[in-house]
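Student: Protein chains in written order, with full-length UniProt numbering: chain A, 1 to 275; chain B, 1 to 179.
In short, the hints are calculated from the structure, not lab data. For glycine and all other residues, C-beta sits at the position ideal for the given N, C-alpha and C. You can take every hint at face value.
Here are the simulated DSSO-like pairs of lysine-lysine, each with C-alpha atoms no more than 30 Å apart in a straight line:
{"hint": "1", "chain 1": "B", "residue 1": "K76", "chain 2": "A", "residue 2": "K151"}
{"hint": "2", "chain 1": "A", "residue 1": "K53", "chain 2": "A", "residue 2": "K151"}
{"hint": "3", "chain 1": "A", "residue 1": "K148", "chain 2": "B", "residue 2": "K76"}
{"hint": "4", "chain 1": "B", "residue 1": "K20", "chain 2": "A", "residue 2": "K51"}
{"hint": "5", "chain 1": "B", "residue 1": "K41", "chain 2": "A", "residue 2": "K53"}
{"hint": "6", "chain 1": "A", "residue 1": "K161", "chain 2": "B", "residue 2": "K20"}
{"hint": "7", "chain 1": "B", "residue 1": "K41", "chain 2": "A", "residue 2": "K51"}
{"hint": "8", "chain 1": "A", "residue 1": "K171", "chain 2": "B", "residue 2": "K5"}
{"hint": "9", "chain 1": "A", "residue 1": "K58", "chain 2": "B", "residue 2": "K61"}
{"hint": "10", "chain 1": "B", "residue 1": "K91", "chain 2": "A", "residue 2": "K130"}
{"hint": "11", "chain 1": "A", "residue 1": "K171", "chain 2": "B", "residue 2": "K91"}
{"hint": "12", "chain 1": "B", "residue 1": "K5", "chain 2": "A", "residue 2": "K5"}
{"hint": "13", "chain 1": "A", "residue 1": "K54", "chain 2": "B", "residue 2": "K76"}
{"hint": "14", "chain 1": "A", "residue 1": "K148", "chain 2": "B", "residue 2": "K91"}
{"hint": "15", "chain 1": "B", "residue 1": "K145", "chain 2": "B", "residue 2": "K162"}
{"hint": "16", "chain 1": "B", "residue 1": "K20", "chain 2": "A", "residue 2": "K54"}
{"hint": "17", "chain 1": "A", "residue 1": "K54", "chain 2": "A", "residue 2": "K78"}
{"hint": "18", "chain 1": "A", "residue 1": "K220", "chain 2": "B", "residue 2": "K5"}
{"hint": "19", "chain 1": "A", "residue 1": "K51", "chain 2": "B", "residue 2": "K61"}
{"hint": "20", "chain 1": "B", "residue 1": "K5", "chain 2": "A", "residue 2": "K138"}
{"hint": "21", "chain 1": "B", "residue 1": "K91", "chain 2": "A", "residue 2": "K5"}
{"hint": "22", "chain 1": "A", "residue 1": "K151", "chain 2": "B", "residue 2": "K20"}
Residues from chain A that face chain B, not an exhaustive set, calculated with beta carbons under 8 Å:
{"hint": "23", "residue": "G14"}
{"hint": "24", "residue": "I16"}
{"hint": "25", "residue": "Y36"}
{"hint": "26", "residue": "D163"}
{"hint": "27", "residue": "L246"}
Derived coverage of chain B by chain A (criterion: at least 3 residues anywhere in the stretch with Cβ under 8 Å from a Cβ of chain A; other residues may be distant):
{"hint": "28", "segment": "7-19"}
{"hint": "29", "segment": "24-37"}
{"hint": "30", "segment": "77-91"}
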Amino acid sequence: MADDKDVLRDVWFGRIPACFTLNQDEVTEREAEPYYLLLPRVSYLTLVTDKVKKHFLKVMKTEDVEEMWCESEGTPLKWHYPIGVLFDLHASNTVLPWNITVHFKNFPDRDLLHCPSNSVIEAHFMSGIKEADALKHKSQVVNDMQKKDHKQLWMGLQNDKFDQFWAMNRKLMEYPTEDGGFRYIPFRIYLTMSDRPFVQRLFRPVSPEGNVHTLGNLLKEMYPAAIPNEGEPKQNQVVIHGIEPLLETPLQWLSEHLSHPDNFLHICVVPVPTD
Amino acid sequence: MANWKNHVRAGLQQRDQTEKLPHVGVFTTLSQLEERFEIRKQILDDVQCNSSERNGVEAGKILHLQLRETEHLSEKLSQTLSDLTTVLYLKEAELQYWQSRVSQYRQEAHTLAKGNNTLKARREKDELLQRWMEEKREEADRMNKNNDAQERWQHLAKQMKKHLQQQEKEKSLLVDASH
Numbered sequence: 001m002a003d004d005k006d007v008l009r010d011v012w013f014g015r016i017p018a019c020f021t022l023n024q025d026e027v028t029e030r031e032a033e034p035y036y037l038l039l040p041r042v043s044y045l046t047l048v049t050d051k052v053k054k055h056f057l058k059v060m061k062t063e064d065v066e067e068m069w070c071e072s073e074g075t076p077l078k079w080h081y082p083i084g085v086l087f088d089l090h091a092s093n094t095v096l097p098w099n100i101t102v103h104f105k106n107f108p109d110r111d112l113l114h115c116p117s118n119s120v121i122e123a124h125f126m127s128g129i130k131e132a133d134a135l136k137h138k139s140q141v142v143n144d145m146q147k148k149d150h151k152q153l154w155m156g157l158q159n160d161k162f163d164q165f166w167a168m169n170r171k172l173m174e175y176p177t178e179d180g181g182f183r184y185i186p187f188r189i190y191l192t193m194s195d196r197p198f199v200q201r202l203f204r205p206v207s208p209e210g211n212v213h214t215l216g217n218l219l220k221e222m223y224p225a226a227i228p229n230e231g232e233p234k235q236n237q238v239v240i241h242g243i244e245p246l247l248e249t250p251l252q253w254l255s256e257h258l259s260h261p262d263n264f265l266h267i268c269v270v271p272v273p274t275d
Numbered sequence: 001m002a003n004w005k006n007h008v009r010a011g012l013q014q015r016d017q018t019e020k021l022p023h024v025g026v027f028t029t030l031s032q033l034e035e036r037f038e039i040r041k042q043i044l045d046d047v048q049c050n051s052s053e054r055n056g057v058e059a060g061k062i063l064h065l066q067l068r069e070t071e072h073l074s075e076k077l078s079q080t081l082s083d084l085t086t087v088l089y090l091k092e093a094e095l096q097y098w099q100s101r102v103s104q105y106r107q108e109a110h111t112l113a114k115g116n117n118t119l120k121a122r123r124e125k126d127e128l129l130q131r132w133m134e135e136k137r138e139e140a141d142r143m144n145k146n147n148d149a150q151e152r153w154q155h156l157a158k159q160m161k162k163h164l165q166q167q168e169k170e171k172s173l174l175v176d177a178s179h
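Same shape as in the complex, but just chain B (with noise of 0.2 Å):
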């Protein structure tokens, strides 16, 4: 890992080593005697008010302050897990998004393995067809050479035949004169 990262991960640790840790559980702890000093207070002085008439029912007194902190209790659970389904939802917000990702990336790699494929068919494709070209080009320089011995060979035999009946038409001259 880069050396900078892991600087800025150490700094922040060192941070809170210094500025939190020493200091977070005397804080939890305070805010959370002064919530319940504030509770008792409230409900104290309630109980007060309405047990007022009834003197002498201590009993009484701490069961409703005891079912107060009870009731308490359970709405701050109930907080706790609203905010948990809230994290779990947002989890799962999170999971569709990664999961649609996912998707999407398969869907563009299936995407570019077919062009791909495409592309490799037309590339055979041009090989095959400028193989042919090739092949076809070769047969025509053979044809032609071909062509061009076979009208020399006839060019000659014409000759031959011209200079042959030429001979032919020498001789019958000659053994008309002999005659």
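The shape of chain A in the complex, shown without the other chains (with noise of 0.2 Å):
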């Protein structure tokens, strides 16, 4: 079970600087002034910006009004990708704060989905949990759970309560000591070059021979050229809450530690940046 309480405590509290600005061709009553907003690394976009939607409804009419959407640098944002995935796949190399442009119409149907409630993210997230589990237990530990439990979960992620949500996150990261680890590991690689949204395959955190399973092995087998051949320059970053673990780390570790709170280790391959 996960026990480097300060490296969960770390990555719960990951904070990422956010401006959003309106954009330019919304209608406004009068000039709308930026918003700065500290946004936490592991929640949903959706689930945070209700004050930023505030502040610029506040200058514009309720007709000029569609659904709020977010993007940076022209790339509209996955709502139901983690914060902290966004802003390493996206935005790692720009100065901070970051800058996000807040539309209200001409919503992306072909890149976003549409979150019209809390209820919406509240589905996602619990889905992701599920999926989680069935990679790692069968299911067993989330289907023991009762409505109130999962309830736990949820509160804890919206309203940021780290001690919420971890009493019974706790549940989920346990595993036989004989087992050594999970069945098989839930992640997802992110690759910025690809058409595919991420990479997900089954993979366990224990070789047939009894070998731990690395990061590195993982990348090894789901996408190579993550790694850098010897003596070759680094092309890739392969990044974790917005650090660089070593290849070696073991993977049961990792995402008994690194995992956000959709029990999935988002994984971003991005290009080492050029300057």
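Relying on the hints, combine the two individually framed chains into one complex.
Tutor: Structure follows, in structure tokens:
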């Protein structure tokens, strides 16, 4: 079970400073001031931008307002990805605060999912947890939980309550000692230069010979180009929660400590900045 | 501690040094100021509306404003209290969980110790039985040897007796012949 609590806390309380600006093409009654907000890395955009919406609605007419969506340097931001993943993928090499443009028109249906209410975010979050537990424990832990336990996980994330969330999430991180880890590691590898949204396959934390699998083993099998060839300059960065863990880091430990609240290990492979 | 773990810890701290810590102060202050501004604006609107008939009661306005602000502060404090109570409740639940784990492990240890004692007793019993069987076997061997020797002696005695009888018979025949 996850026991390095300081790492869990650092992961949970990761913050990204952001500056929200209203898109120039929006019709306003007076000039809209930008809105500054510290975004929790592990949360979702639509869950933490109520104040942003309220701020911009003050200068707009109701008839000019449709569903709000955000964009970073021309890329629509998928609310159903954790904020930290969006930042690491699209803006990790930009100057802080992160500039996000807010739109109330021309919703990009091809790129984004609609999010009419928080219950949609809750459903998405819970489906992530259930999928992860299906991989880790054949759904046994999540199915043994009661409705109120599921609610506790969601409320913990929604209200940014670390203790409330982890009191329950701890159960999802347990495994029989003799197994040496989960059945499969729930992970997603995001590639900026690929048409596929992400890579997700079955991968065990321990090899059939009993050797511990590492981050390097996973990448070698899923996306070998992420690992630099000997003697050649590094072309990609493998980023989790804004940091580059060593390739020899055991995957089981990463899954227990660096997973997002949805219990997935979100790994971003981004090109090394050229400047 | 493993190098990879130190690397993650240092990486997270380095990340926060760049992304979070330089901004957290100013962002929090800005958010608090904004909240305060919003409340004041709303309260002022209310007060202006209510006291429009009573011109020149500036002191009353200020008092009302202070009262509303205090009320707001009190609301926030009760929220904090409620949050802390929740944390306490969770910590208590966590403590109970760990206590139940400790009790479970103690029970397991007790069962194992008991099993161990039973196993030891059985082993001693087996050893005792083994030793007893060995002694019995040795005793049987000794008896067998004795019996064999006795049998041999009896056979010998019988033969000697027979031989003696034969000699006595021959002797008496010789005496008869001489007469």
